[in-house]
Amino acid sequence: MWGVLIALGLTLVLLMLEPPTYRSDATVFVRTPGDVSRVVDGGDTYAQGRAKTYTALATSSTVSDWVIKDLGLNEQAGTLAGRIKASNPPGTALIHISVDSPSAAEAQQIATVFLAEYRAMVHDLESVPGSLVPRAELIVVDTPSRGVREVAWGLPVAIVLVSVAVVGLILGAAAAVLRSVFETGRRLSGAADSIPELDARKVNS
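Note that the UniProt record's numbering gives residue 127 to position 127 of the sequence shown, counting from 1, and the numbers run on in steps of one.
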């Protein structure tokens, strides 16, 4: 029990000393509404290929620069781009976006504006002269969530505290086992040392 309390206490101290960081998450889907969708696989291969490409472009300074101008942020495009992460699960046309910020509201706000500029960029790149629809477009599946505080390894605070409590329980149990083993060994050693004295008293008597 003491191990859990000590571990949680140290973790809370570290959380208070560390500047807070919040993350807002969103998900978009690459849809192929144009002629591409009429191919044999319904455009899945094209969409998945585009998802990989646009995942890489999500962290470009170009989109971040547009976001900075829209919100009037006082930072460099490269700095903001470093706070934006994008990933494409293998075999899917999904793109997961996350934005880090010192406040929960700002993280969500930046993510919202970023998605608008991100979708506009894809629309421009996929537009075909003379066609009413682009070859691909981004559809928002999950809108930007309210920022969730994250700490070490980018994990939410709740998960970190639970993990620390579990580790504290394990360490406390291990310490109790070791203490029991040492005490048992000490008692056995003391008993063994007393045997010769008993034998000596028997001989003298």
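Hint data in this document are derived by calculation from the structure and do not stem from the laboratory.
Where is the CB? At the ideal position from N, CA and C, for every residue including glycine.
Some hints here could point you the wrong way.
Derived Cβ-Cβ restraints for the label pairs, each shown as a range [stated by the list, open to error]: (1) 159 x 183: 43 to 51 Å; (2) 143 x 89: 17 to 25 Å; (3) 143 x 33: 17 to 25 Å; (4) 141 x 53: 15 to 23 Å; (5) 29 x 127: 17 to 25 Å.
Do the hints match the structure? See the list:
Distance hint for residue 159 and residue 183: a CB-CB separation of about 36 Å, inconsistent with the stated range 43 to 51 Å. The hint said 17 to 25 Å for the Cβ distance between residue 143 and residue 89, and at roughly 19 Å that hint holds. The beta-carbon spacing between residue 143 and residue 33, approximately 21 Å, falls within the hinted interval of 17 to 25 Å. The given range of 15 to 23 Å is respected by residue 141 and residue 53, whose C-beta atoms sit roughly 18 Å from each other.
Distance hint for residue 29 and residue 127: a CB-CB separation of about 19 Å, consistent with the stated range 17 to 25 Å.
When each numbered hint is compared with the structure, a violation occurs for hint 1 only.
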